[in-house]
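Asker: Okay, here's what each chain looks like letter by letter:
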Amino acid sequence: MANTKIADISADKFRPLPDTEKKQNEIVRPSITYWQDVWFRLKQNKRATLGLYIIIFLLLLAVFGPLLSPYSYSDQFLDKQGLGPSKEFWFGTDTLGRDIFVRVLYGARISLAVGFLASVINLTIGVLYGGISGYFGGRVDNIMMRIVDMFYSIPLILYVILLMVILGPGLKSIFIALGCIYWVEMARIVRGQVLSLKEQEFVLAARALGADTKRILLRHLIPNCMGPIIITVTMNIPKAIFTEAFLSFIGLGVSAPMASWGMLASEAMPAIRSYPHILFFPAMAISITMLAFNFLGDGLRDALDPRLRK
Amino acid sequence: MFKFVLNRVFSSVITIILIITITFALMHSIPGDPLTRDKEMPEQIRQNLMEKYHLDEPLWKQYFIYLKGLATGDMGISMKYQGVTVNEIIAESFPISAQLGLVAIAIMLLIGIPAGIISALRQNKWQDHLAMFLATLGVAIPNFVLATLLIYIFGVKLGWLPTSRWVSWKSVIMPSIALAGYSAAYIARLTRSSVLEVIQQDYIRTAKAKGLPERVVVYKHALKNALIPIVTYLGPLTAGILTGSFVVEKIFAIPGLGQYFVNSISNRDYTVILGVTVFYASFLVFMNMIVDIVYGFIDPRIRVGK
Numbered sequence: 001m002a003n004t005k006i007a008d009i010s011a012d013k014f015r016p017l018p019d020t021e022k023k024q025n026e027i028v029r030p031s032i033t034y035w036q037d038v039w040f041r042l043k044q045n046k047r048a049t050l051g052l053y054i055i056i057f058l059l060l061l062a063v064f065g066p067l068l069s070p071y072s073y074s075d076q077f078l079d080k081q082g083l084g085p086s087k088e089f090w091f092g093t094d095t096l097g098r099d100i101f102v103r104v105l106y107g108a109r110i111s112l113a114v115g116f117l118a119s120v121i122n123l124t125i126g127v128l129y130g131g132i133s134g135y136f137g138g139r140v141d142n143i144m145m146r147i148v149d150m151f152y153s154i155p156l157i158l159y160v161i162l163l164m165v166i167l168g169p170g171l172k173s174i175f176i177a178l179g180c181i182y183w184v185e186m187a188r189i190v191r192g193q194v195l196s197l198k199e200q201e202f203v204l205a206a207r208a209l210g211a212d213t214k215r216i217l218l219r220h221l222i223p224n225c226m227g228p229i230i231i232t233v234t235m236n237i238p239k240a241i242f243t244e245a246f247l248s249f250i251g252l253g254v255s256a257p258m259a260s261w262g263m264l265a266s267e268a269m270p271a272i273r274s275y276p277h278i279l280f281f282p283a284m285a286i287s288i289t290m291l292a293f294n295f296l297g298d299g300l301r302d303a304l305d306p307r308l309r310k
Numbered sequence: 001m002f003k004f005v006l007n008r009v010f011s012s013v014i015t016i017i018l019i020i021t022i023t024f025a026l027m028h029s030i031p032g033d034p035l036t037r038d039k040e041m042p043e044q045i046r047q048n049l050m051e052k053y054h055l056d057e058p059l060w061k062q063y064f065i066y067l068k069g070l071a072t073g074d075m076g077i078s079m080k081y082q083g084v085t086v087n088e089i090i091a092e093s094f095p096i097s098a099q100l101g102l103v104a105i106a107i108m109l110l111i112g113i114p115a116g117i118i119s120a121l122r123q124n125k126w127q128d129h130l131a132m133f134l135a136t137l138g139v140a141i142p143n144f145v146l147a148t149l150l151i152y153i154f155g156v157k158l159g160w161l162p163t164s165r166w167v168s169w170k171s172v173i174m175p176s177i178a179l180a181g182y183s184a185a186y187i188a189r190l191t192r193s194s195v196l197e198v199i200q201q202d203y204i205r206t207a208k209a210k211g212l213p214e215r216v217v218v219y220k221h222a223l224k225n226a227l228i229p230i231v232t233y234l235g236p237l238t239a240g241i242l243t244g245s246f247v248v249e250k251i252f253a254i255p256g257l258g259q260y261f262v263n264s265i266s267n268r269d270y271t272v273i274l275g276v277t278v279f280y281a282s283f284l285v286f287m288n289m290i291v292d293i294v295y296g297f298i299d300p301r302i303r304v305g306k
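Residue numbers (my numbering), protein chains in the order written: chain A, 1 to 310; chain B, 1 to 306.
Think of the hints as simulated: they come from the structure by calculation, not from any bench.
Just so it is clear, the structure is predicted and the values come from calculations on it, not from any experiment.
Glycine is no exception: its CB is placed at the ideal position from the N, C-alpha and C atoms.
Nothing false has been slipped in among the hints.
Partial selection, computed: residues in chain B whose CB lies under 8 Å from chain A:
#, residue
1, PHE246
2, VAL262
3, ALA281
Here are the computed lysine-lysine pairs in the DSSO-like style, where the Cα-Cα straight-line distance is at most 30 Å:
#, chain 1, residue 1, chain 2, residue 2
4, B, LYS125, A, LYS46
5, A, LYS46, A, LYS239
6, B, LYS61, B, LYS80
7, B, LYS208, B, LYS224
8, B, LYS224, B, LYS210
9, A, LYS172, B, LYS80
10, A, LYS43, B, LYS125
11, A, LYS239, A, LYS43
12, B, LYS3, B, LYS68
Distance windows between CB atoms, simulated:
#, chain 1, residue 1, chain 2, residue 2, range
13, B, VAL5, A, ASN142, 19 to 25 Å
14, B, TYR81, A, GLY168, 20 to 26 Å
15, A, PHE40, B, ILE14, 47 to 53 Å
With the hints as extra help, turn the sequences into a complete structure.
Answerer: Shown next, in the form of structure tokens:
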């Protein structure tokens with residue numbers, strides 16, 4: 001038997017494979033791109049999805065919520081001061097008889113606007129500054145990074161406070177102060193990424209094909225840093241929201257009767273003995289928002305990190 | 001190593017000088033001058049005061065006068081509190097803030113590091129889940145919310161602890177916990193991931209294969225390396241305590257430097273704002289420098305300034 005030759009096997013022992021067998025070798029699943037994969041893995045992460053849903057919910061509430069409410073954030077009901085939560089006032093009223101639910105909703109607007117501003121600043125100034133610094137390297141990089149280091153060596157909030165002292169309190173000042181400072185961290189991260197990416201072959205290839213600096217930076221280098229950029233933005237939004245709340249809490253933020261979460265918490269302080277609910281709702285709102293962004297940020301970091309791919 | 005230290009000291013000094021310059025420029029770009037009051041003061045008094053504070057000199061001269069003052073340890077006089085120098089304010093209130101800060105650091109290290117170690121060693125068990133749940137909360141809850149919650153629970157409802165002021169050892173407890181919360185949570189997360197990384201390494205397997213008891217492997221071999229990353233966090237940690245002190249000292253009415261700073265902001269007391277900012281900045285840059293140098297010593301793989 002061992003010596004049987006192929007030729008000895010009669011032809012009728014062979015038969016063609018049925019079509020179903022052939023299909024097994026085909027690639028059934030369509031290949032997915034990097035971003036599809038990221039999205040898939042983000043959806044697998046329950047905490048991150050929860051965070052994302054909470055953020056979307058907050059956005060909807062902040063945009064449409066105040067429109068649906070019968071009261072404005074500054075309406076006072078002098079006969080209904082310091083009431084607990086009820087059907088009429090969902091979160092109760094504060095010591096001036098204002099509806100806390102509406103005020104918290106307006107606070108969400110301010111906080112989310114601040115978060116939005118921070119992400120825009122990060123994505124424009126931060127990314128470009130870091131990209132330019134990393135790409136040109138040498139003396140340009142040295143000077144640009146010394147400037148960033150100088151900002152970075154003391155807490156950004158100190159600069160924001162200094163700027164607020166000069167600009168005076170108010171929402172516009174917060175925007176300007178945050179805008180001047182909050183790109184620094186992003187610049188550092190993008191610069192580090194670009195520094196290592198620019199030595200790779202695809203950049204050389206692009207340059208050999210005659211791409212100019214602007215094109216290499218915007219089309220080749222920055223899209224390749226997208227992972228860390230997204231993570232940094234998601235982590236910086238809660239920081240900016242916290243900064244606004246912090247400033248409003250110490251009396252440097254928005255001015256009354258405007259309602260920001262930090263301001264609401266600060267207003268609730270004197271009455272904490274008698275009306276703890278005034279503090280409870282804004283505090284919950286801040287904490288939930290911070291949690292949601294932290295969850296999403298952690299999830300994104302896991303989803304975007306190629307080392308965690310299976 | 002000597003060159004590295006020298007380099008680090010040099011760049012710190014440059015940074016501090018630059019920060020002083022920026023702060024000075026910002027403070028002097030405010031419209032009006034520090035003597036602007038609601039009530040108009042007589043021209044002669046105004047003239048004399050301008051002369052006294054060198055406000056009549058050109059800006060660059062004022063800058064050098066200020067630098068010269070700083071070099072001799074003189075930060076000027078408060079514009080709000082009559083006859084009190086900025087140095088006196090710092091000398092009087094910084095020790096209180098420092099005490100509070102040190103207690104907070106002790107709390108966060110004593111809670112954060114053990115929590116991180118336990119959750120790494122019991123990975124995916126309930127201890128881990130509990131510790132990480134608390135750590136996530138700790139990172140998310142702002143310090144002023146934590147402080148007010150503590151006041152409400154332990155000060156108002158239970159009445160165990162004083163809600164404000166700086167009188168006995170009891171008044172240290174709540175502010176230092178409020179100050180430590182965020183960093184303790186952060187340290188716990190940092191320690192956990194660092195310990196997890198270290199216990200997967202070959203030398204730990206070797207130590208276990210030698211038959212060393214678990215306790216020795218963890219405490220003698222693993223922790224030594226796992227705790228190195230914590231050292232890098234000491235810089236941001238100091239910064240966090242410092243900014244946290246603004247809010248916490250205000251809430252608990254503690255006469256520390258943080259509260260002075262916040263009050264001087266609302267009073268527009270420019271010399272105090274300028275002085276305290278410069279003091280804070282120098283302090284932090286100095287701390288960062290120490291951390292970098294210490295890090296270079298304990299982990300020879302990293303020489304930051306190379």
